[in-house]
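Trainee: Spelled out from the first residue to the last, the chains are:
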Amino acid sequence: MSRGARASVAGMLFAIAVGLVVFVAMAFLRTEPPTVDLASGHQAGKPVDLTLQTVGSIGYGIHPEWVSYLVKDQQGKWIHSTLWNLPAHTTVHVTILQYDSGSPIRNQQRGLVTGVGGAMLNGKRLTNVNSYEGNGIGHTFSVPSLGINVPLVGVAGNAKDFCNVAPCTMQEAHNTVTFTFKTPGVGQYHWQCFVPCGLGYLYGNGGPMQTIGYMDGLLKVVA
Amino acid sequence: MAATTASAGAHRARNSHDLRTIATIWVVLSIVADLLFWFLAGPHIPPGRMSDQAEGAQFDFNVLFVVALPVVILVWTYLGFAIIRWRASRHDADEAPVGVPARTALRIQTSWIAITTVVVIGLFGFGTYELIAPAGAGGGEGPTAIWKPTTKTILPIQVIGQQWMWTYRYPSFGGFETSQLIVPDNTEIAFHVTSLDVIHDFWAYQLGVKADANPGTDNIAYVKPQQLGRFTVRCDELCGLWHGAMYNYGHVVSPTAFYHWATTTEKKLAANTKTLPPFAWTYTPDANGADGGYYLDNVNPYSKSSLYGANTVKVKQYGASAAQS
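Protein chains in written order, with the numbering used here: chain A, 1384 to 1606; chain B, 32 to 356.
Just so you know, these hints were derived from the structure itself, not from any lab.
Among these hints, one or two may not hold up.
To be verified - Okay, the calculated bits of chain B under chain A, using three or more residues with CB under 8 Å as the criterion: (1) 137-144; (2) 194-200; (3) 208-219; (4) 224-233; (5) 268-274.
Every residue, glycine too, gets a C-beta built ideally from N, C-alpha and C.
Please construct the entire structure, taking both the sequences and the accompanying hints into account.
Mentor: Encoded structure:
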């Protein structure tokens, strides 16, 4: 083989190797959880149920120790995802089963319930939570662009039946928070937890707080 | 000899004629372009005229553009003229335009240095004046503002950035905190910008206000709204995953409407305000997340509410007279 031919082959192999590295890197970077569809089969004018749970550690996957939200799909199965399809201009009945412990929060303003109707904590009216009292606040469910903020009161960290691995069951220690809100027009609306619960990360805002699928995601409102 | 002298004379005449032509084209085009820009485009240049500072920024931009346009036009005119008129193919070898070598042309060099110096120093003086006169021109001046408005009644509004939203505290109304930014028209406002976590940047676009939000720092920016309406607030410092979603809208309302909103909201949020840390110009965020346990920089564990507002200062009440005017 001539010198030129050898150089061409080497160049091609190098290009293929670079291409593979870029492909794998992009595939990793663009990985996102599945979108759970709660919009298909929806009848106009009827409300939609959105059932969520928050856990202190997901227990599986590439970050088993990370705190996370889970969502129940239409078949009643818990899915590890924070991307949800919801129908536009529809009332959403939200139930959040909060299994994580709480703490004071960085900004107590996030203890205020805003932008939703009929917020209840374990069957009692919920308007404002002082995170310096009781078990504090574990997480929030907040959609800034819709003005929605609901604090999720923490469970006792030393509870006997404290859930360590998702999905947690109704028999384990939890708080039940319910409320309703109305979806706006078609679009994608970012939601997140405002408690810096990414423990081990500076200011608590790394890791699960910066990764879609754990403590933030998108309401994908569809027609 | 006589032929050479005649040829040099002809060159000089041609050069003078060319320079006059260039100058004429330049002056006419510059005047037309400047007038068109100033009267047609100028009033629409962002950020608009929603506040004193925004109008100042628009004026500054327009002045700079009007100064810059003739310079650009001179370069383009000269270039165009050279390409068309002095193209080699248009002349015989002995007719080719001959200029004076720039190295020995003292008059040209002196004029060039003098004109550029005047332009640069003039713009420096203009820019400095325009920064100082409108009290910092809407930019963050740090915790001890150098240029302050002369007005007595200044409404302080604290802007708090956190990943990933803005909230606002109104110390003159009991220190309530809300995600709504409502400001009164025709009132001097001091935005006190800070952060609870990383560096953000408070950019109230149509108000012409832009100030970094640094944790532990009270960055003051003054503004005086002069038009009712909505303005956009964005974070202008890349601050993480949802930086792009960190925006909302503020509203300039009449002083009466503002006073009504502020007092009503103060009452409505009273229960939440009680649980907030005492009002302070800066807050000390915990470096360790929600409930500590992993201390990277020897910062104390999560600040209790009493420590949280350790730098509490007394804030002069926002004058009711301004609100009712």
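Trainee: Now look at each hint and say whether the structure bears it out.
Mentor: Verification of the hints:
| no. | hint | verdict |
| --- | --- | --- |
| 1 | 137-144 | violated (count 0) |
| 2 | 194-200 | holds (count 4) |
| 3 | 208-219 | holds (count 3) |
| 4 | 224-233 | holds (count 3) |
| 5 | 268-274 | holds (count 3) |
Against the hints set out earlier in the document, a violation occurs for number 1 only.
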